[in-house]
Structure formats: structure tokens, C-alpha cells
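If you read the protein sequences in the order shown, they are chains A and B.
The first sequence begins at 1403 in the working numbering and counts up one residue at a time.
The second sequence begins at 3 in the working numbering and counts up one residue at a time.
Be aware that a few hints might be false.
Here are the simulated DSS-like cross-link-like pairs (lysine-lysine), alpha carbons at most 30 angstroms apart as the crow flies [as the list claims (entries may be wrong)]:
no., chain 1, residue 1, chain 2, residue 2
1, B, Lys131, A, Lys1471
2, B, Lys131, A, Lys1590
3, A, Lys1710, B, Lys224
4, A, Lys1479, B, Lys131
5, B, Lys152, A, Lys1590
6, A, Lys1529, B, Lys224
7, B, Lys131, B, Lys60
8, A, Lys1455, B, Lys54
9, A, Lys1529, B, Lys135
10, A, Lys1590, B, Lys54
11, A, Lys1529, B, Lys39
For each label pair, taking beta carbons as the anchor points, the in silico distance ranges come out as [to be verified]:
no., chain 1, residue 1, chain 2, residue 2, range
12, A, Ser1732, B, Lys60, 51 to 57 angstroms
13, A, Ser1732, B, Ile230, 41 to 47 angstroms
14, A, Lys1584, B, Pro166, 33 to 39 angstroms
15, B, Arg133, A, Glu1695, 35 to 41 angstroms
16, A, Glu1647, B, Gly8, 56 to 62 angstroms
17, B, Lys131, A, Asp1473, 32 to 38 angstroms
Chain B residues, not near chain A, derived (Cβ > 10 angstroms throughout) [to be verified]:
no., residue
18, Gln14
19, Gly134
20, Asp146
21, Ser197
22, Glu206
23, Ile237
Read the hints as simulated data drawn from the structure, not as lab findings.
Cβ atoms here follow ideal geometry from the backbone N, Cα and C, with glycine treated the same way.
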Amino acid sequence: MADRLAWTDGQLHVGEVMITSQNGVSINDGSEKTDYQKGLITLTSHRILWQDKSAQIELPLSVVIFSEKKDASLTSKARLICTLSRGQEPKRPGPFASSRHDEIQFEFREGGCNDFLRLIQEELVKKRWLLQPVKSTTTTTMSSTTSDRSHRTGISGIENHLQHQLNVQHQSISGAFQDLNKLMQQAKEMVNISKTIATKIQEKRNDLTSDETIRFRSYLLSLGIDNPVTKESAGNQYHTSLAKELSSVLEKALKDTNGIMTLSDAYCRINRARGYELISPEDLLNAAVHMEELNLPVRLRVLSSGTKSFELTNRNEKKDLQEIANLAESSISMSADQLANLIGIPVIVARERLIAAETYGLLCRDDSIEGLRFYPNQF
Amino acid sequence: MRRGVGISGINQQLLEKAKFNEKGSELARDHLDKLAKQFETFRDNLESFAEKHKNEIKKDIAFRRQFQEMCATVGVDPLASSKGFWSQALGVGDFYYELTVQIVEVCVATSSQNGGLISLDELLLRVRKARGKSRSAQDVSHDDILRAIKKLRILGDGFTVIEPANNQGRILIQSIPGELSMDHTAILNSLQTRSSFTVEQLREQFKWSDERIKTAIDFMIKEGLLWIDNNGRNIEYYFPGLFTAQRVTAGESV
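Next up, chain A with everything else stripped away, as it sits in the complex (with noise of 0.2 angstroms):
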């Protein structure tokens, strides 16, 4: 059914949203090979455009009546089988006049197939491009589509069960996207209103309390809106007392790993502990930040590659630093990876204890293709 392939510009129309994409695709005739090969397939809610150096091709969601996989054999890879039905209404300019099939096929020559299919199968489900007819002349296609699975006896029991499924699902997801989009209109009011607020604050035409200051900043939080007055989260409550809370959990943790944690591996350790309510990355910096200032046993250090890590506040560089280069001296000479397997730290981190023990002159370096070493400074 390659006649209901229509040229496009490939342009997403209002309303339709892109799914996935997928390289390496070839388009079929039925079974039969056509022109358009190897080329970048994309499913969005409304369609599926397909497009290579030469070509835009799409073909309307709502003439799909169905689609299943065909797995790989000796003589091609795994494909993907539309079956369409035939339209009554006029047919759009594209690449086939006329065909023999009432498939095509989308042969996947670089993978992809499985996650593929899984999401045309939840597009056709939805059916989305009912609950927003995109404008164009696709309007029409959807008409003749209920006429025409009266004709098509072997699939339309599998029809059937569709549909029914669809008027269960309908009903909600055209309610949650419509909900969904009331929600964006009064969260976009608001983005404007700060934006004016935080405008008014930067220009110092600020009539504003202190305390209406602060409520503000409570606003753009809870609405996750990025602004620069958010940034000096001074006295932030919920970041002070989260900052409390992470001191005690890491200050154990510490123990263990030597002193020096990166904020990955705490963050990952402390979400692990929590196990719900969990904190964003966002949450662990701005908490972070406080420590210092809040005389906690821990504390955010900036390594000098720029990397963060959490350490004890009571760690002693210099000690640490000579512990180091003992180890260095006894095992001759010391990479990264053998200090990180020693002692239990993170190769970023050893790496950079190296180097800062470098710096204090207690080890040199050999840059060599094997790997950067460190030796004991002999001079």
C-alpha cells in the first residue's frame, strides 16, 4: 500500500509530538524493495516521517490499522509491518502512484525494531490524532478509515479489541492531556509574573520586605522556576536543615571510604538510605554549600581539577597528603587505579590526591603511554 506515502516538508504540525527515531531504515513495498533505503525513520503521535539525503516521505498514523515485526532471517533483518487501509479520499502527492500490497514494510538494518514497534503500538492505541486533528488534509483520511474495516474481515476482530481498548483509554488520556495542558497555561502566567517581579528586584526598584523577599523565593521553588535571585539561597530553610541531615549520614559514611567522597557516590548513598522522598541534585549542592558556614563535621570541597567532593572537616591535608606518598614509596611507584584499589577511593579522587601531593612536593610524576605514575621525590 505504498500509494499513501505522501511528501512532506517534515515539519512537526501544532499539536504533534515527536516519539523516537531511528537510523538505518528501508522502506518496502509490501515485501518488495523500493528507492527509498537506509534512511532515518521517526514516529511522532500523528505520523510516521521517513527521511534520507533525497527525500521526506510521511505517512498518516490513522491508516495504520495495524502493525507487527517480522523477524530477522538469512535474508534480511527485522521489519516492521504497517498493514494500511484503503482510503477513499484523494490521493496525496507521493512517491508510489499506484501499489499491488496492502502492507509496507519498514526494514530495520541497524536495529531498533523491538522499542519501535512497542511505541507505534502505544500510538495506535491512543490515537491522539483524533483529540487533535493536525491541519492538514489528513482530516479527511479519518472518515473513510471506519468505513473501510467493515471490508477487511481477516483483521477486523484484532480491530475490534482495539477499539475497545481505546474507548477505555480514551477517555482518560484525552482528559490528562487536556488537564495537562489548563495546568501549563496558569504555570506559564506565573513564569511571567516573576519574571516581572524578579526584573523589578535586579533594577533595585524593589519595594519588596524582606519578608515578602523570601516568600517569593519560596514561590519560584516550589514551581521549580529558574531565576537568578534563587541562586543566593541564603538562609533557606529547607536547604539548612537538609544540610544538617546529610552531615550526620555522610560523616559515617565517611569513615569508610577514607574521608574523601565525590558528590555522585553521596548522592547516591544518601537517595539509597532515604529510599522515598529523595532529594534532586540541586538539593544536594544547595544543602552542600551551608556546611561550612554551619560549623558541620563535613564539609563541600572543591578539588583543583574543579571536581567536588565531600570530606571531614577535621581531615589533616598535609598528614593525609605524607600518608600517601608512604604508600607511593612503599609499593615504588604508585598509579591512580593502585591507589583507588588500595585504599577504597575513587580513581578521580586518587587521581587527584596524587596530584596534590605533587604539588606539596612529595611526589613527581612519569607521564608515560602506560598510564600517568607517581614516584617518591627523591631531590
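Since the structure of chain A is provided, determine the placement of chain B on it from the hints.
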């Protein structure tokens, strides 16, 4: 001529400033009151939305993505803070933050083998495996992973996304800091269906000098990203991270 433009330019600026002042003559406090009212209404609406559709966000990949995209268009970040509305009411936070933890764990587990370079496909496969067999645990998409990684970058521990040229091809995730230059990424991106290369291939494809090729290769070997296969005939270099990526694309399990 220039003086004319200069003066009219200043006039223009004064005019715009006057207009701006006029529009913004309302007190910031008035705006804040308006915001406060809308905030309360919004909170109620969000809570009823959550009651009806909370599960959809957790289970439906396309809906979740649509949600994220709309938030981005509107200018809100639902994942900014676990104390944020979105996170509290809809539980999007927990979904993504847990995903973030799983991503870090997978990367740490595989980095000794692939030097901290893993394809998005392989990462997705392994994360799904880590999440368990239930249907809802499997409902994680490429988009979800990329958004979670975007959040992870804030921690500054070296998570980077390496996009393919022209947005066509494999997406790679680097989880160990190590600055890959444009030459390095060019080599990586040229290997869409392979995981190894020879010096001759690079020379032919990029027309680089031997010196330049050697510098690029040496760096990546040092960083643990590239392994040497000296099989007697000629020396082949391959990326363990891409080797497993190939297997994943071919549908093998990891």
C-alpha cells in the same frame, strides 16, 4: 550623518525606557500578591491533576515526555527540587532521582571495563535490568535517561553526553571526567557500526597527519577508553564501550 544616528539613537533609548517605566509602574508588591493568589489556585489544581493522573506520569513514557517538554516550554523545571510542587504532588522527582542513582551505579559498575564510556542504548538496557521485571520498572525511555543525566551534571562528576554528528547515530555517555577533544569525538562518531579502527582507516577517512593520529590514540589509551588488539597482522584499536554497544544494538543481552 553619524551625529544624527547618535542623537536619534539616544532618543530611541529614552523613548523605550520611558515606555518600560510606564508599563512597570505597578509596585512589585502588587505583582507578588497576584502571584500569591494564582499560586494557591494552581496548587489546588495540581493536586486534583495528581489525583487523576499521577500514575500516568509514572507509567506512560510518552505522557511523561510530553509533560517534561511542556514544562520546558513554559519555563519551569519540575525536577529542580524535591521540595518543589511537581515533585511533591506528582512524584516525578522520585522517579527521576531514583533513575539517577541507578544510572550512576551502572556507570560505576561498567567503568573499569569501558573506561567510563557507554552507549545510551546499553545504559538503558542495564538500567532496565536493574529496575526489575515488573512492567512499570521497564517503562523508562532514552529521553528519561538523558533528562536524568542532565541533572547529574550538576554534581560536577564528569557526566557528559556525546552527541553524534548531525544527530544521526549513537549517543554516548561519558561518566568519568576526561576532556575529549574534537578529534576524539570525531573518531568515536565515525564508528557507528563498528567498535574498532586501524591507523590506516583514520588516515584515509580524516586525512590527518600521523602525529595527530598518534596523539589522539595515545590519550584515549591512557584514559582507559581504548584497547589495543595486536593480532599480528595489523594493530587494531577498539573501544570496549562501543563493543558492547554493538552487541546491544544487535539485540544481544548484556
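Now the hints, each set against the structure:
no.: 1; hint: B:Lys131 to A:Lys1471; in the structure: holds (23 angstroms)
no.: 2; hint: B:Lys131 to A:Lys1590; in the structure: violated (38 angstroms)
no.: 3; hint: A:Lys1710 to B:Lys224; in the structure: holds (23 angstroms)
no.: 4; hint: A:Lys1479 to B:Lys131; in the structure: holds (25 angstroms)
no.: 5; hint: B:Lys152 to A:Lys1590; in the structure: holds (23 angstroms)
no.: 6; hint: A:Lys1529 to B:Lys224; in the structure: violated (52 angstroms)
no.: 7; hint: B:Lys131 to B:Lys60; in the structure: holds (18 angstroms)
no.: 8; hint: A:Lys1455 to B:Lys54; in the structure: violated (45 angstroms)
no.: 9; hint: A:Lys1529 to B:Lys135; in the structure: holds (28 angstroms)
no.: 10; hint: A:Lys1590 to B:Lys54; in the structure: holds (21 angstroms)
no.: 11; hint: A:Lys1529 to B:Lys39; in the structure: violated (37 angstroms)
no.: 12; hint: A:Ser1732 to B:Lys60: 51 to 57 angstroms; in the structure: holds (53 angstroms)
no.: 13; hint: A:Ser1732 to B:Ile230: 41 to 47 angstroms; in the structure: violated (31 angstroms)
no.: 14; hint: A:Lys1584 to B:Pro166: 33 to 39 angstroms; in the structure: holds (38 angstroms)
no.: 15; hint: B:Arg133 to A:Glu1695: 35 to 41 angstroms; in the structure: holds (39 angstroms)
no.: 16; hint: A:Glu1647 to B:Gly8: 56 to 62 angstroms; in the structure: holds (59 angstroms)
no.: 17; hint: B:Lys131 to A:Asp1473: 32 to 38 angstroms; in the structure: violated (22 angstroms)
no.: 18; hint: Gln14; in the structure: holds (20 angstroms)
no.: 19; hint: Gly134; in the structure: holds (15 angstroms)
no.: 20; hint: Asp146; in the structure: holds (12 angstroms)
no.: 21; hint: Ser197; in the structure: holds (14 angstroms)
no.: 22; hint: Glu206; in the structure: holds (22 angstroms)
no.: 23; hint: Ile237; in the structure: holds (13 angstroms)
The structure is inconsistent with the numbered hints 2, 6, 8, 11, 13, 17, although it conforms to all the rest.
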